[in-house]
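Trainee: So you can see what is in the structure, the chains are spelled out below.
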Amino acid sequence: MARLGSPLSFHSAVWDTCSMASTQPLRRTTTEGDVQTQDAVETKKPWNVIVWNDPVTPMTVVVVIFKKIFGYSNNKCTQLMLAVHHEGRALVWSGHRERAESYCVKLQVSGLQSTIEQDA
Amino acid sequence: MAGSKIFTRRRDGRVEVRINDYGRSVVRSAFANVLAAERDPEHEWHVSLSGPIDPSLDHDNPTSTLARQTETSTNAELASLTVDEQFLNDAEAWVWLTTLQVALRSTAQTNGLHTDEQLAAADDEMLSYVHMIQSLLFELAACF
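Protein chains in written order, with this note's numbering: chain W, 23 to 142; chain Y, 41 to 184.
With the rest of the complex left out, here is chain W (with noise of 0.2 Å):
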């Protein structure tokens, strides 16, 4: 038996005040947000930003850039870096659109070739 003022017995209080006051119907009629929900689903796959090897660029440049940008830890800036250097191009970060744009700016302004590209 629950005590009065338990956690289990002031959780059901709650829940049974919440579902008394809510005038909503419990149950959908339509299936018109399912569809839309799944547009949304498909559309929020990460955005990645993606820099691309240039034969000029010294490597502590590139390293200088990321730390600044990204705020990385040293290491995993000289990872990127040389991600970006043996495979000409490297995911430096991933996640919505708009701050991966922003992020692409910095390193354009930064001068280092960048783009976005949406996860396959």
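Source of the hints: derived by calculation from the structure; they are not laboratory data.
Any given hint could be a false lead.
Claimed, not checked - Computed Cβ-Cβ distance ranges for the label pairs, DEER-style:
(1) W:Lys-66 x Y:Asp-163: 22 to 30 Å
(2) W:Arg-121 x Y:Phe-178: 24 to 32 Å
(3) W:Asn-97 x Y:Asp-130: 20 to 28 Å
(4) W:Ser-116 x Y:Glu-56: 17 to 25 Å
(5) Y:Arg-68 x W:Gly-117: 36 to 44 Å
(6) W:Lys-90 x Y:Gln-109: 16 to 24 Å
(7) Y:Gln-126 x W:His-107: 31 to 39 Å
(8) W:Arg-121 x Y:Ala-160: 36 to 44 Å
(9) Y:Arg-50 x W:Lys-66: 42 to 50 Å
Claimed, not checked - Facing chain Y, according to a computed beta carbon distance under 7 Å, are these residues of chain W, among others:
(10) Pro-77
(11) Thr-82
(12) Val-83
(13) Glu-123
(14) Cys-126
(15) Val-127
What the hints assert, rightly or not - If you want the ones that stay clear, here's a sample from chain W, every Cβ over 10 Å from chain Y, calculated:
(16) Asn-97
(17) Leu-102
(18) His-108
(19) Gly-133
Where a beta carbon is used, it is the ideal one built from N, C-alpha and C, also for glycine.
Assemble the complex: chain W is given as a structure, and chain Y must be docked to it using the hints.
Mentor: Just chain Y, lined up with the frame of chain W:
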């Protein structure tokens, strides 16, 4: 040896610039060209300053391209204004680094230096310019 460095981070946080007149003139010209290229669509570096952000689109978001244009110009302006200074604060040293880097990459793109092989095949004058900017960048990056 500390005495031979072009850029030195001092104890008070400022970056000391020890560069001769020729070096200053090269840096001044690089900063001025970035500023001119950002403002003049006919400038040979302009294309390299307006590369795509999202290549899958025909036109990039105007807000982003405007932000890029404004930031690049502001950086180049501050770099130009401080080109004769002996001491740079952190923000000034940073705009020197980014504007020199923009100048270096614009030079490479404009002259078709997209690969190591193309760079190796460049003429002596071009190589000498690229190496000079690279050494300045290398030393300046060590201050951060």
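Trainee: Hints the structure violates: just list their numbers, smallest first.
Mentor: 1, 4 and 19
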